[in-house]
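> The residues making up each chain are set out below.
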Amino acid sequence: MAQRWQPDFEQLVEEHQSMVFSLAWRMTGDRGLAEEVAQDVFLELDRHMERIESPEHALNWLRRVAMSRSADALRRRRVRGVDLWVEIEDKHGAPVEERQSPLETRLEQLLSTLPEAQRAALVLRYQEDMTPEEIAAAVETPVATVKSNLHRGLKLLRAKATTHLKEYIRGL
Amino acid sequence: MDFEWTGQPERISGSEEDREFEQELKQAMERRPAPPSLKRRIMQKRSARRTERHHTTMIWWQRLAASLLVGAVVAGGFGWRQIEERRKGEEAKQQVITALRITNQVLNNMNRKLTEHDRGEK
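In order, the protein sequence lines correspond to chains A and B. Here the first sequence is numbered in this note's numbering, starting from 1 and rising by one per residue. Here the second sequence is numbered in this note's numbering, starting from 173 and rising by one per residue.
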């Protein structure tokens, strides 16, 4: 009989904190809020440790809960009437990393202006390299909807990028 | 510009420009490093939560133990009272029996004396 996998909470945090934090940041557009979401996600993981069966299960669980908690945080913000995107990077933003080109930074900012469902699909697709089926499972949405969100989101982002970043696109 | 889903690793295809855009998007969307203090804060909160949970559990056990103790004292008191009442009842019954026995003896004595008195008169 195969031995049951014993998850190590600290190791899981070490391994996945960057993934959870990045998902939360890209979904909420707020670094401070993303840190809170990431903390909540890992504390919830701590409560569910007994049910985690494998490293893959842990990864998928964290992705799903990070997306769900980020959506909740956005909804709470909206209820409180805070205009998130006005605050992006201004208050909570870390200094732009050297590895990021201005185009990449601008692309991230444009991404944050997309509708939530499209943004979620694109973040999971391009940050996590997930298939539409995996995304559908993570956000609990039909695959066809995910494909549609990916298609529309990419189209919209591309249109925005073309308008805002013509000089960079031409330069590539 | 129209993207088409192919189901392959480079799943969204289109013109060369589209693919370049996708590539740029992938680079822009690399995972960001988490703040250095994030893990420490998570571990601290986890520890605090566990301590709090332990404390709460302890409080519940203490409450349960106190409730059991109070219950035992009340039940004991009730039981003791019943035994005491039964004992007092038994004692009263014995006293009544003793009183009746004394009365009976006194009546017997009087009866005997009256009988002797009647005989003497005859």
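By construction, these hints were calculated from the structure, which means they are not laboratory data. For glycine and all other residues, C-beta sits at the position ideal for the given N, C-alpha and C. Wrong hints could be hidden among the right ones.
Derived Cβ-Cβ restraints for the label pairs, each shown as a range [what the hints assert, rightly or not]: (1) A:S18 with B:R225: 35 to 41 angstroms; (2) B:P207 with A:H48: 21 to 27 angstroms; (3) B:R212 with A:M49: 43 to 49 angstroms.
Reference excerpt, derived from the structure (chain B facing chain A, CB under 7 angstroms, subset only) [unchecked claim]: (4) A200; (5) R203; (6) P205; (7) A206; (8) R212; (9) I214; (10) R218; (11) W252; (12) I255.
Here are some chain B residues the structure puts well away from chain A; computed CB gaps all over 10 angstroms [what the hints assert, rightly or not]: (13) P207; (14) G243; (15) G249; (16) R253; (17) Q266; (18) E288.
> Each hint: holds or not?
Right, here's what the structure says about each hint:
no.: 1; hint: A:S18 with B:R225: 35 to 41 angstroms; in the structure: violated, 28 angstroms
no.: 2; hint: B:P207 with A:H48: 21 to 27 angstroms; in the structure: holds, 24 angstroms
no.: 3; hint: B:R212 with A:M49: 43 to 49 angstroms; in the structure: violated, 19 angstroms
no.: 4; hint: A200; in the structure: holds, 4 angstroms
no.: 5; hint: R203; in the structure: holds, 4 angstroms
no.: 6; hint: P205; in the structure: holds, 6 angstroms
no.: 7; hint: A206; in the structure: holds, 4 angstroms
no.: 8; hint: R212; in the structure: violated, 10 angstroms
no.: 9; hint: I214; in the structure: holds, 5 angstroms
no.: 10; hint: R218; in the structure: holds, 5 angstroms
no.: 11; hint: W252; in the structure: violated, 48 angstroms
no.: 12; hint: I255; in the structure: violated, 51 angstroms
no.: 13; hint: P207; in the structure: violated, 6 angstroms
no.: 14; hint: G243; in the structure: holds, 33 angstroms
no.: 15; hint: G249; in the structure: holds, 44 angstroms
no.: 16; hint: R253; in the structure: holds, 49 angstroms
no.: 17; hint: Q266; in the structure: holds, 67 angstroms
no.: 18; hint: E288; in the structure: holds, 99 angstroms
When held up to the earlier numbered hints, the structure conflicts with 1, 3, 8, 11, 12 and 13 and fits the remainder.
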